[in-house]
Amino acid sequence: MSQLVRFGVSIAEDLLDKFDAVIRARNYPTRSKAIEDFVRQTIVESKISKDTAEVVGSIDIVYDHHKRELLNKLTDIQHDFHDIILSSQHIHLDRHNCFEIIIVRGKKNIIEKLANLIKSAKGVKHSAMRIVTTQGGD
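Using the working numbering, you'd call the opening residue of the sequence shown number -7 and step up by one each time.
Source of the hints: derived by calculation from the structure; they are not laboratory data. Just to be clear, a hint being listed does not mean it is correct.
Stated by the list, open to error - The calculated BS3-like cross-link candidates involving lysine-lysine, where the alpha carbons are at most 30 Å apart (straight line), are: (1) Lys100 with Lys111; (2) Lys65 with Lys99; (3) Lys65 with Lys10; (4) Lys59 with Lys111; (5) Lys25 with Lys65; (6) Lys105 with Lys117; (7) Lys39 with Lys100; (8) Lys105 with Lys59; (9) Lys59 with Lys114; (10) Lys42 with Lys59.
In this text, all values refer to a predicted model and were calculated from it rather than measured experimentally.
Can you build the whole structure from these sequences, using the hints too?
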């Protein structure tokens, strides 16, 4: 573990009050822990801002499984990207709707391409891509 360093920060009082309210709502034990997490998150976000960054994440989709040819289309798209798809989970929400989680790992721009193809398929009601770096934030 790295050695701890103390440093001073000057910040507007009203901004600090808002920050304290946020970290209290998130149950942070101390300002230091909250600042450490926010710094780490900023570092991670800078790493995944590059198109060629190596990332891991999920593509979450909700769709109507009765939509003609949608299942075949989604399967074909996923087969075209088999090299970055690690796993998928299919969940039946009700008589018409399904939720699918596709776990991916690879270059950010390729994962985004896959996510966009899935999202634009006719019958997909909602889609979200969530990614993080495969490298630490330290």
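Checklist entry - Okay, which hints does this one fail, numbers in order? => result 3, 5, 10
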